[in-house]
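Chemist: Taken in order, these protein sequences are the chains called C and W.
The first sequence: position 359 = 359 (the numbering used here), numbered continuously.
The second sequence: position 46 = 46 (the numbering used here), numbered continuously.
For the record, the hints were derived by calculation from the structure and aren't laboratory data.
A couple of the hints might just be wrong.
What the hints assert, rightly or not - Straight-line Cα separation of at most 35 Å, DSBU-like style, residue types lysine-lysine; simulated pairs:
#1 Lys214/C / Lys163/W
#2 Lys76/W / Lys48/C
#3 Lys76/W / Lys332/C
#4 Lys410/C / Lys56/W
#5 Lys362/C / Lys56/W
#6 Lys399/C / Lys153/W
#7 Lys338/C / Lys76/W
#8 Lys163/W / Lys274/C
#9 Lys277/C / Lys153/W
#10 Lys312/C / Lys46/W
#11 Lys153/W / Lys362/C
#12 Lys274/C / Lys153/W
#13 Lys231/C / Lys46/W
#14 Lys163/W / Lys144/C
#15 Lys338/C / Lys153/W
#16 Lys11/C / Lys163/W
#17 Lys332/C / Lys46/W
#18 Lys361/C / Lys76/W
#19 Lys410/C / Lys163/W
#20 Lys76/W / Lys417/C
#21 Lys94/C / Lys153/W
#22 Lys417/C / Lys163/W
#23 Lys8/C / Lys205/C
#24 Lys214/C / Lys76/W
#25 Lys205/C / Lys163/W
#26 Lys277/C / Lys76/W
#27 Lys277/C / Lys163/W
#28 Lys56/W / Lys319/C
#29 Lys214/C / Lys46/W
#30 Lys163/W / Lys362/C
#31 Lys153/W / Lys361/C
#32 Lys76/W / Lys231/C
#33 Lys277/C / Lys46/W
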Amino acid sequence: MDSIILRKEIKERIGEIGTADILVGIPSYNNARTIGHVVRAVQAGFAKYFPDKRCVLVNSDGGSTDGTMDAVQSATIEDFQSILLHHRVRPAFKITTPYHGIPGKGSAFRTIFEMADALNVKACAVVDSDLRSITPEWIELLIKPVVEGNLDYVAPLYHRHKYDGTITNSIVYPLTRALYGKRIRQPIGGDFGFSGKLARFYLSKDVWETDVAKYGIDIWMTTTAIANDFKVCQSFLGAKIHDPKDPGADLSAMLYQVVGATFDLMETYSDVWKNIKSSESLLTCGFQYAVGLEPVNVNVDRMIDKFRLGVKELMDIWKEFLPEVIIDFLNKAEGLPKEEFHIPDEIWVEIIYSFAIAAHKKLINKEHLLKSLTPLYIGRTASFVLETWESDAEEVEEKIENLCIAFENKKSLLIEKWQQEV
Amino acid sequence: MKNIFERLISEPLEGFLERFIQFLPNLISAILLLLTGLFAGWLTKKVLGRLLRILKVDEFSERHGINNILLKGGMKESLSSIIGRFAGWLVFFIFVIISLSSLNVPAIERLLERFFLYLPNLFVAIIILLIGYLLSNFFGRAALIASVNAGLKASGLMGRFVKLTIFLLAATMALEQLGIGRETIIIAFAIVFGGIVLALSIAFGLGGRDMAKDYLEKKMKGEEKDEIEHI
């Protein structure tokens with residue numbers, strides 16, 4: 001695929017700007033309703049925290065038909081006094097462009113990395129275009145650790161409802177932490193800061209015609225940064241509130257994409273993670289504070305029903321790769337009443353590791369394998385909800401910490417099975 | 001009297017003997033070819049079986065569930081020995097054909113010609129059946145998983161229905177390729193398939209009237225959804 005910067009108008013625009021210090025990228029697709037707020041927050045962030053730097057905002061659009069690009073162009077802060085700002089030394093530049101290549105967030109990011117490379121920027125950040133809770137401070141928190149702290153990658157840290165981000169909490173965070181030894185709490189948060197050096201490193205990777213271009217870019221960026229020894233930290237951004245996602249979005253497709261991308265990276269970096277024995281906490285920037293979060297509606301009975309249906313119908317598939325002890329447990333759990341329903345951490349860890357091994361050894365078609373995880377994931381989520389119904393955020397975090405420890409304790413089992421010949 | 005004996009008995013006998021002596025080398029060569037075929041088939045079976053075992057084909061088949069499929073089909077042998085045995089028989093079969101054609105008998109030659117003309121159809125039919133079987137398994141499993149994830153109580157039935165339909169389609173195509181009851185089979189398939197669809201329509205229309213009403217009502221009112229954000 002041709003580089004976006006070879007296009008005449010982009011080349012001219014880059015020629016006009018020359019070089020820049022900071023670049024913030026916003027990938028978008030039909031986000032006209034929300035992107036204006038995000039653009040204004042970024043502009044205010046530039047003005048407030050980096051007044052003497054050359055800043056560029058890049059909107060990389062996936063062919064929106066709702067006027068997203070026009071919304072970006074027209075979004076501007078009329079009165080900087082409203083954000084208690086009385087000066088602006090340098091104007092911020094704005095580039096909006098449709099990206100090329102395979103449709104997906106990864107291709108949008110590639111365009112942003114190419115711009116960062118062409119403008120030789122020192123620090124970059126990417127933020128989602130459907131954010132409602134973004135403030136100018138997010139730009140400071142994502143960029144400053146790179147500019148002033150000499151760090152390469154800044155992962156976000158949010159306060160979320162105890163039942164939000166369950167794939168992150170029950171699979172991606174504990175697994176990434178156990179594998180690569182870095183406690184990045186939101187490895188697929190979506191809003192990241194990174195150095196120009198790391199942006200160039202991302203560009204040098206030959207992944208832009210693969211699934212990374214479509215989905216899985218978030219976990220790919222995080223894992224690539226930590227597995228290649230870039231300096232990593234996380235920044236507390238407050239609450240993450242965004243436009244409601246499509247309610248029809250298929251959970252099994254989501255699991256397939258996110259968990260599949262994580263398993264693919266296990267193949268790429270198997271020599272790295274096999275040698276890591278423990279995990280370490282990271283430098284966390286930003287002032288942490290409590291935020292009010294809206295209650296979440298959960299129907300545990302329906303979740304348990306879906307788990308039971310899965311055990312009844314998919315057992316023949318699972319028997320091909322799950323250990324006998326897990327099969328016995330699942331058969332017993334299927335008959336338990338709601339009050340006694342529980343999937344312990346150790347069982348869940350063994351399930352995830354068994355799925356990872358089955359994907360590694362290509363025991364069954366990858367899409368079938370990962371989509372068959374859905375009822376087990378729903379069962380585990382139901383178990384977690386029942387267990388933490390009365391718990392506050394701190395207690396829930398403690399439970400997630402215990403799960404992470406279980407993932408780390410059983411890692412030797414994963415390594416042993418990974419190396420076994422089929 | 002002597003003349004009559006010569007004309008009725010001796011001459012035909014001599015003629016037969018002469019033709020038999022002329023035919024004898026062909027017969028001997030056919031028997032030798034048959035025996036060589038037997039040996040070559042046995043050797044192929046042994047050598048190929050061992051080679052496949054060295055290449056760990058059995059482990060591969062175990063891993064990819066081929067052994068399970070074979071077991072379900074009533075075959076208890078390993079994949080390597082099945083392939084070896086099949087190749088052995090194939091080699092022997094080729095030698096049988098060569099030996100038959102070496103006899104130079106016009107009737108056998110005509111039969112062989114017809115057989116060879118039919119052989120590609122047989123080959124294509126086997127390939128269609130094999131692909132049909134693999135596709136039916138794949139899509140049957142995909143349908144089962146998708147139905148379970150959608151929370152359908154009749155997921156198992158759905159998976160089996162998809163699997164059976166695809167295999168039936170493949171079997172119909174294979175039989176059509178072989179030219180066996182061409183039109184009857186297509187009509188039979190259409191009747192069976194159409195019958196299933198009609199039966200399902202009636203079942204949903206009559207038996208599932210209330211269910212359909214509930215479903216539509218839920219859709220119109222907006223079903224209560226979990227608000228968990230998974231990512």
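Chemist: All hints are to be evaluated individually against the structure, with a verdict given for each.
Modeler: Status of the hints after comparison with the structure:
no.	hint	verdict
1	Lys214/C / Lys163/W	31 Å, holds
2	Lys76/W / Lys48/C	75 Å, violated
3	Lys76/W / Lys332/C	32 Å, holds
4	Lys410/C / Lys56/W	30 Å, holds
5	Lys362/C / Lys56/W	16 Å, holds
6	Lys399/C / Lys153/W	33 Å, holds
7	Lys338/C / Lys76/W	43 Å, violated
8	Lys163/W / Lys274/C	41 Å, violated
9	Lys277/C / Lys153/W	44 Å, violated
10	Lys312/C / Lys46/W	44 Å, violated
11	Lys153/W / Lys362/C	29 Å, holds
12	Lys274/C / Lys153/W	42 Å, violated
13	Lys231/C / Lys46/W	60 Å, violated
14	Lys163/W / Lys144/C	57 Å, violated
15	Lys338/C / Lys153/W	19 Å, holds
16	Lys11/C / Lys163/W	55 Å, violated
17	Lys332/C / Lys46/W	47 Å, violated
18	Lys361/C / Lys76/W	25 Å, holds
19	Lys410/C / Lys163/W	38 Å, violated
20	Lys76/W / Lys417/C	28 Å, holds
21	Lys94/C / Lys153/W	53 Å, violated
22	Lys417/C / Lys163/W	33 Å, holds
23	Lys8/C / Lys205/C	25 Å, holds
24	Lys214/C / Lys76/W	44 Å, violated
25	Lys205/C / Lys163/W	41 Å, violated
26	Lys277/C / Lys76/W	44 Å, violated
27	Lys277/C / Lys163/W	46 Å, violated
28	Lys56/W / Lys319/C	22 Å, holds
29	Lys214/C / Lys46/W	49 Å, violated
30	Lys163/W / Lys362/C	22 Å, holds
31	Lys153/W / Lys361/C	32 Å, holds
32	Lys76/W / Lys231/C	57 Å, violated
33	Lys277/C / Lys46/W	49 Å, violated
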